[in-house]
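As given, the protein sequences belong to chains A and B, one line each in that order.
According to the working numbering, the stretch in the first sequence is residues 1 to 363, in order.
According to the working numbering, the stretch in the second sequence is residues 1 to 402, in order.
To be clear, the hints were calculated from the coordinates, so they are not data collected in a lab.
Being a predicted model, the structure only gives us computed values, none of them experimental.
We put the CB at the ideal spot given by N, CA and C, even for glycine.
Treat the hints loosely; a few may be bogus.
[As the list claims (entries may be wrong)] Take a look, some chain B residues computed to stay more than 12 Å from chain A by CB distance:
(1) 276
(2) 364
(3) 365
[Stated by the list, open to error] DSBU-like cross-link-like pairs, simulated, lysine-lysine; straight-line CA separation at most 30 Å:
(4) B/381 x B/328
(5) B/393 x A/252
(6) B/351 x B/70
(7) A/107 x A/30
(8) B/299 x B/393
(9) A/252 x B/351
Now for the letters of each chain:
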Amino acid sequence: MSLLYDEAQQQIATEAARVLDDAYSGERLKALLEAKGAYDQEFWKTCSEQGWTAVALPEEYGGLGLGLVELGLIAEACGGVACGAPFLGSSHAAAQAILRFAGEATKAEWLPRFAGGEAKGAIGFADAQDMLPVAPSLQLSNGRLNGVKPAVSGGGAADLAVVLASGEHGPVLALVVLDQTNVTRTLVDTFDNSRVTADLAFDGVEAIALSGDGLEAARTILCLQAVVTAHEQVGGAQKMLTAARDYALTRKAFGQPIGAFQSVKHRIAEDYVLVELARANAQHAAVHADHPEFGRYAAAARLSATEAYDTVSRDATQVHGGIGVTWEADMHLHQRRARTLAIEIGNMIFWEDALVDALAEAA
Amino acid sequence: MVDIDAYRERARAWLDSQAAAFGHAARRGLSVAEDLALGRRWQAAKHDAGYAGISWKKEHGGQGLGPLQKLAFEQEEMKHGFPNTYFAVSLGMPVPIMLRYLPDGWKQERARAALRGDEIWCQLFSEPAAGSDLAGLRTRATRDEATGDWIINGQKLWTTWAQHADYGVIVARTDPTVPKHKGLTYFWVDMKAPGVTVRPVKLAEGSSHVNEVFFDDVRISDAQRLGPVGGGFGVAMETLVIERYSATDPAGFGPPLALLIEQAKTDQVRGRPAIEDGRVRERVARTYAIQNGLAAIHKKSLLALEAGLQPGPEGALHKLVSVRTRQKLSEFAIDLKGVSGLRWDGDGERKDDWVASWISAPTGRIAGGADEMLLNTIAEKILGLPQDHRPDKGVPFNAIAQ
Numbered sequence: 001m002s003l004l005y006d007e008a009q010q011q012i013a014t015e016a017a018r019v020l021d022d023a024y025s026g027e028r029l030k031a032l033l034e035a036k037g038a039y040d041q042e043f044w045k046t047c048s049e050q051g052w053t054a055v056a057l058p059e060e061y062g063g064l065g066l067g068l069v070e071l072g073l074i075a076e077a078c079g080g081v082a083c084g085a086p087f088l089g090s091s092h093a094a095a096q097a098i099l100r101f102a103g104e105a106t107k108a109e110w111l112p113r114f115a116g117g118e119a120k121g122a123i124g125f126a127d128a129q130d131m132l133p134v135a136p137s138l139q140l141s142n143g144r145l146n147g148v149k150p151a152v153s154g155g156g157a158a159d160l161a162v163v164l165a166s167g168e169h170g171p172v173l174a175l176v177v178l179d180q181t182n183v184t185r186t187l188v189d190t191f192d193n194s195r196v197t198a199d200l201a202f203d204g205v206e207a208i209a210l211s212g213d214g215l216e217a218a219r220t221i222l223c224l225q226a227v228v229t230a231h232e233q234v235g236g237a238q239k240m241l242t243a244a245r246d247y248a249l250t251r252k253a254f255g256q257p258i259g260a261f262q263s264v265k266h267r268i269a270e271d272y273v274l275v276e277l278a279r280a281n282a283q284h285a286a287v288h289a290d291h292p293e294f295g296r297y298a299a300a301a302r303l304s305a306t307e308a309y310d311t312v313s314r315d316a317t318q319v320h321g322g323i324g325v326t327w328e329a330d331m332h333l334h335q336r337r338a339r340t341l342a343i344e345i346g347n348m349i350f351w352e353d354a355l356v357d358a359l360a361e362a363a
Numbered sequence: 001m002v003d004i005d006a007y008r009e010r011a012r013a014w015l016d017s018q019a020a021a022f023g024h025a026a027r028r029g030l031s032v033a034e035d036l037a038l039g040r041r042w043q044a045a046k047h048d049a050g051y052a053g054i055s056w057k058k059e060h061g062g063q064g065l066g067p068l069q070k071l072a073f074e075q076e077e078m079k080h081g082f083p084n085t086y087f088a089v090s091l092g093m094p095v096p097i098m099l100r101y102l103p104d105g106w107k108q109e110r111a112r113a114a115l116r117g118d119e120i121w122c123q124l125f126s127e128p129a130a131g132s133d134l135a136g137l138r139t140r141a142t143r144d145e146a147t148g149d150w151i152i153n154g155q156k157l158w159t160t161w162a163q164h165a166d167y168g169v170i171v172a173r174t175d176p177t178v179p180k181h182k183g184l185t186y187f188w189v190d191m192k193a194p195g196v197t198v199r200p201v202k203l204a205e206g207s208s209h210v211n212e213v214f215f216d217d218v219r220i221s222d223a224q225r226l227g228p229v230g231g232g233f234g235v236a237m238e239t240l241v242i243e244r245y246s247a248t249d250p251a252g253f254g255p256p257l258a259l260l261i262e263q264a265k266t267d268q269v270r271g272r273p274a275i276e277d278g279r280v281r282e283r284v285a286r287t288y289a290i291q292n293g294l295a296a297i298h299k300k301s302l303l304a305l306e307a308g309l310q311p312g313p314e315g316a317l318h319k320l321v322s323v324r325t326r327q328k329l330s331e332f333a334i335d336l337k338g339v340s341g342l343r344w345d346g347d348g349e350r351k352d353d354w355v356a357s358w359i360s361a362p363t364g365r366i367a368g369g370a371d372e373m374l375l376n377t378i379a380e381k382i383l384g385l386p387q388d389h390r391p392d393k394g395v396p397f398n399a400i401a402q
C-alpha cells in the first residue's frame with residue numbers, strides 16, 4: 001500500500017469530516033463533561049449509519065474489508081471534532097481481539113454486531129499505572145472472572161470487554177459480557193466524561209479465554225489501537241493548529257495581527273511541524289500494519305501524535321489569550337481530550353519503553 | 001517503482017565496489033589537497049560509470065534521467081562517505097543555471113569538465129551584510145559605458161569551495177537607486193581573473209570549506225550576464241530551487257540513531273547499561289519518532305514526485321527538524337561518554353563521529369536557510385501568516401538606513 005492516499009481514501013476522509021463538522025456542537029460536548037456516564041449518542045449513531053464501525057472488519061463478518069488506513073482517516077475526522085464517545089476505537093480494538101484470538105463461534109456471534117454498530121466494546125488491560133501488568137490482579141479460573149479492572153474507557157456503556165487477567169498458565173485475554181449479574185460498573189468522574197470510564201468489578205463472572213500469550217496478544221491489540229488513536233490525535237492537533245492560525249490572523253494588538261509577531265508566528269510554525277511529523281508517522285504505521293516492524297512504527301506514531309496533540313492544544317489556548325481559557329471557548333475540550341488520549345492506551349513512558357525494547361533487540 | 005528499485009540496486013552494487021578505493025577508509029589521514037585529488041578521481045569514475053549529472057539533459061552531458069534516480073543514487077552514495085563534497089554546490093546550482101542562460105558551445109565544454117570533476121564552480125551570493133536578507137547585498141557591478149563591460153567591486157562571504165573554484169556565479173548590485181530586489185544583476189565570473197582574491201575562512205569545526213572573496217575592479221564582459229539587467233534576484237531564486245530534489249537524511253547528516261543505541265548497550269549509567277536508563281530511553285524513543293516521521297514525509301514526497309505532483313514545502317520542515325535534532329542527539333551522545341566524551345578525533349566524520357557532528361551542527365542550522373528563516377517560510381508560505389514587518393520595503397536601496 002502506498003503512503004499517498006488514493007481517491008477512494010481521500011473521499012472517505014472528506015466525507016467523514018463533512019458529516020462530523022455538520023453535526024458538531026460544542027455545547028452538546030460541554031454538557032457531557034458535567035454528566036458522568038453519558039456519551040454522545042448522535043455521534044455513535046452516525047458511526048454505524050455511515051458504516052464506520054464496519055470499515056476495518058472483514059467482509060465475511062459484515063465488514064467492509066478495508067484497513068487501518070481507512071479507519072485512521074475516519075478517526076482523524078473524529079479527532080477534529082473531539083467526538084463525544086470512545087467506541088469507534090475501543091470497539092475496533094475489541095473486535096480485532098476477537099478476530100485474531102477467538103474461536104469461530106465467538107467471531108460469528110460478535111463480529112457482525114460490531115460491524116453493524118449494535119455492539120460496543122471496551123479494552124481493559126491496565127492495573128493502575130501498569131499498562132500491561134505481568135501479573136494482573138484480575139483472576140480467570142475455571143472460566144470465571146474475579147477481581148477489578150480500574151478505569152476502563154467506555155466501560156460504563158460497553159456491551160463487551162476484552163480484559164487482561166491472570167489465568168492458570170499466566171496472563172490471558174478474556175472476553176466478558178458486561179451486561180450480566182455479578183458485574184458491577186462504577187462510573188469514574190474524569191476530566192473528559194464522555195469517555196464513560198468505569199471501574200469494572202467481577203464476582204465469579206463467566207468469561208471466554210482468548211488464545212495465545214495474553215501479554216503478546218494485548219500488545220498486538222494496543223499497537224493497532226495506538227495507530228487508530230494516533231490518527232484521532234492528529235485530527236485534534238490539526239484542529240487546534242487551524243484554530244491558532246485563524247485567531248492569529250484575526251486578533252489585532254499593537255496595530256497588527258498577532259500572527260505577525262514572531263513569538264506567535266514561530267510558535268504556530270513549530271506546531272505545524274509537530275502535526276506533520278505525527279501525521280506522517282500515523283499514516284506510515286497504518287500502511288505497514290502487516291510489516292514485521294509494525295510495532296515500532298505504531299509506537300513512533302503514538303509518541304509523536306501524543307506530543308503533537310498535547311503541545312498544539314496547549315499552544316493554541318495560549319495564542320487565544322484570555323478567551324482561550326473560558327468554558328465558552330472550545331479549547332478546553334481539546335486540552336481534555338489530548339490528555340485523555342495520551343493516557344488511555346498507555347502513557348509516553350510505556351510506549352517509549354516498548355519502542356526502545358524493539359530497537360535495542362534489533363540493533 | 002520497480003524501475004527505481006532496480007536502478008537503486010545497480011547503483012548500490014557499483015558503489016559497494018568502489019567503497020574501498022574512494023570511501024571513508026581511503027580518505028582517512030589525507031591532506032585536503034590529496035582528498036580533493038581523490039575527489040576529482042571519484043567524480044571522473046562516476047562520470048565514466050554513468051552516474052554523473054543523473055537528472056541532467058543528455059545534451060548537457062547528463063544521463064537524461066529523472067529526480068527519482070538522482071535521489072536514489074545520492075541516498076546510496078551517502079552511506080560510504082565518498083569525497084563528493086567538492087562538487088555538490090558546483091553541480092547542484094551554478095552549472096545548471098549557467099546551462100539555462102548561456103549560448104551553446106562553451107557551456108557544454110564547461111559542463112562536461114565540471115561533471116568530470118576537472119573544474120569546479122562556486123556560488124557568490126552571501127556577503128558580510130547580506131545572508132538571510134540576500135537582496136541587501138552591496139557588491140557593485142558598474143557599467144563601463146564605453147565598452148559595455150561591467151566592473152565588479154565588493155566582498156562575498158561563506159562561498160563554499162571558492163578556493164578550488166575555476167568559475168563562479170555572482171549577484172551584484174547594478175542600480176542602487178531602486179528598491180533592493182530590483183537593482184540586482186546576475187553574472188558568471190572567472191575566479192582566476194585579475195582582481196579576484198580568495199581567502200579561506202576557518203570554521204569553528206576546524207575545516208575551511210568556505211571563503212571570503214574580494215573583487216577589486218574585476219572586469220567582465222556583458223556576455224557574462226545571465227538574465228536581464230535588474231533581474232538578478234529572480235535568477236538567484238531560480239538558482240536556489242534547482243536543488244529542491246536533493247537527498248535528505250533524517251539524521252540531519254549526522255550519525256544514525258543506531259550508533260547511539262549500540263553505544264548505550266555497553267556504556268554505563270549508575271553501574272547499569274545506559275540503554276536501561278530512563279533518560280536514555282526517552283531520548284532514543286523521541287529521536288526515533290522524529291526521524292521516522294521525517295523519513296515518512298520524504299518517502300511521501302518521492303511518491304508524489306513519481307506520480308507527477310509538485311513537491312510540497314516539506315524541505316523547510318526537513319532541514320529545520322533534522323539538523324537541530326542531530327545537534328541535540330550529538331550533545332547527548334557526548335554526554336553519555338562522560339569524560340571520555342572530551343576526546344577529539346581529527347579524522348572524525350560527522351556521519352559517524354558524535355563530536356564532529358556536534359561541532360559542525362551550528363553550521364548546518366545556519367547555512368542554506370537559518371532555522372528562523374525556515375520557520376518564517378513555514379508560517380508564511382504554508383500557514384498564510386503575515387510577513388514580518390519590513391521597514392525597507394519599497395525603499396530605494398541607497399535610502400535604506402545602513
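Hint check results:
no., hint, in the structure
1, 276, "9 Å, violated"
2, 364, "17 Å, holds"
3, 365, "14 Å, holds"
4, B/381 x B/328, "27 Å, holds"
5, B/393 x A/252, "22 Å, holds"
6, B/351 x B/70, "21 Å, holds"
7, A/107 x A/30, "37 Å, violated"
8, B/299 x B/393, "39 Å, violated"
9, A/252 x B/351, "46 Å, violated"
Checked against the numbered hints above, the structure violates hints 1, 7, 8, 9; every other hint is satisfied.
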